[in-house]
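Visitor: With chain H fixed as given, assemble chain L onto it according to the hints.
Protein sequences appear in the order of chains H and L.
Take any residue in the first sequence, count from 1 to its spot, add 20: that is its number in the numbering used here.
Take any residue in the second sequence, count from 1 to its spot, add 20: that is its number in the numbering used here.
Check before you lean on any hint, since a few could be wrong.
It does not matter which identical chain is used: a pair holds within one copy or between any two.
Simulated pairs of lysine-lysine, DSS-like, Cα-Cα distance not exceeding 27 Å [said to hold, decoys possible]:
1. 188 to 205
2. 137 to 31
3. 182 to 169
Since the hints were derived computationally from the structure, they do not count as laboratory data.
2 protein chains.
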Amino acid sequence: MADSGWPGFAKSLKGVILDLCGVLYDSGEGDGVAIPGSIEAVKKLKESDLQLRFCTNETQATREKFVAKLRRLGFDISASEVFPPAPAAMAVLKDRGLRPHLLVHDGLLPEFDGVDKNNPNCVIIGDAAENFSYRNLNEAFRVLIGLEKPVLFSLGQGRYYKETDGLKLDVGVYMKALEYACDLKAEVIGKPSPTFFQSVLNDLGLQPHEVLMIGDDLLNDVGGAQHCGMKGVQVRTGKYRPSDERHPTVMADGTVDNLAQAVDMILNQRGH
Amino acid sequence: MADSGWPGFAKSLKGVILDLCGVLYDSGEGDGVAIPGSIEAVKKLKESDLQLRFCTNETQATREKFVAKLRRLGFDISASEVFPPAPAAMAVLKDRGLRPHLLVHDGLLPEFDGVDKNNPNCVIIGDAAENFSYRNLNEAFRVLIGLEKPVLFSLGQGRYYKETDGLKLDVGVYMKALEYACDLKAEVIGKPSPTFFQSVLNDLGLQPHEVLMIGDDLLNDVGGAQHCGMKGVQVRTGKYRPSDERHPTVMADGTVDNLAQAVDMILNQRGH
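Only chain H is shown next, with the shape it has when bound in the complex (with noise of 0.2 Å):
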């Protein structure tokens, strides 16, 4: 008989997606801090025959600043490995020929600098955090109700997250702001969109009921992998809150402690 449940089907996987904030470290102050037992976790991952990506809905700083900051926590972790949503962002405005209005973080600025500002016809919003001021929404604003046709982008669509000073409302409230004032759906770039995943799939080469993705955050990680037919299991750290494990309708294939228990699990199921 086949084991269909955690951690039995751990031997049947080709490649594990993690997500970073709230599984490898806590977001705040300066770099932050690791999680304990996730830098040995993606060392053992690395070292298994299992192969590994990072998907993230962090907007804060370029992939290349957000990697490097990665590496001074003790991760071996390279950009190439890593996909975040404003490189996807890039990708959609060049292919749909947009100019952006960004209410984005002062950090994330740089990916954006091989794109058209001028005379915007769509919205681009990410974790703007202290950015996200009333002067700043309300231009966001004004600049879709002046469009014929708005066009709202959201870098992901998170409720919160966790820093190491306490839970942050995330981009996805300011996307439900804009929705609501302008009364339009905005299009999600990053996690749970199907096509930011496959976009991750695409990469690893493989299909998605061999791949697992590991992260905190029940909707966006868990029930979005679980959407494109990956498995999906939620650690107990970050954002993770005790009531996600009676959602009415997303439920987790396994739910553990940490990333190190997760890990140590599977390769254990997969005789290591």
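Guide: Just chain L now, with coordinates in the frame of chain H:
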């Protein structure tokens, strides 16, 4: 035959309720500016046999200061004729023994002087404008997410309003933001809440079908009033947009260029 259409139904009216911002005046720097003809129109209504009240979602100042501003603009209005959300919210707080965390405009704070705000067990948001900083919204979010039964009151649910220098985001946008962040449904105090309209009808001592609401907001003024059984006429001033006249679900009983035109049509019908 009864003239059930506009302006025929004006013959059977006993009372009129007016919205303020966008109908009597446009807000902006200082006191804002009166909309041409509106001072005279209010005077004509007061001299007629119709009862008159003012129903507003204004939450940037206390009722006293707000009415003082209207009087400086030239309107003959007294505080007892004006129904804003804050006094209604105070009544709810007292009735249910709630202690609010306030995210409102500085000018509104004195309305809540008499209530205990320690160890809050609910959040009240109003049109806080510049006070809707990321830090303040995050603080309100943390109060809500920390409550076992989070209660959010929104003083109105408007999308935006017009000031002399352009459109401004209204409280409803931030209500939607917090609803999404905390996965809850806010309780609206103000238009279009039926409870709120009913309190004005009670004060008038009239039945809904005897009363006309005139406003610039299709959903909150016109739709809200119609939902209570009143007639609703929209003015093409303030936040009015041409697309309002093709709205899929709400159709005004009449649409007029401004309050002056509405009042002239009403009084003509009534043989004044």
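Visitor: It remains to establish, for every hint, whether it holds in the given structure.
Guide: Going through the hints against the structure:
Within a single copy, residue 188 and residue 205 get their C-alpha atoms as close as 23 Å, and across copies as close as 20 Å, so both meet the 27 Å cut-off. Taking CA atoms no more than 27 Å apart as the test, residue 137 paired with residue 31 passes in neither setting, with 49 Å inside one copy and 56 Å between copies. Taking the shortest Cα distances, residue 182 and residue 169 sit within 27 Å of each other only across copies (21 Å), while inside one copy they are farther apart (35 Å).
The structure does not agree with numbered hint 2 stated previously, though it agrees with all others.
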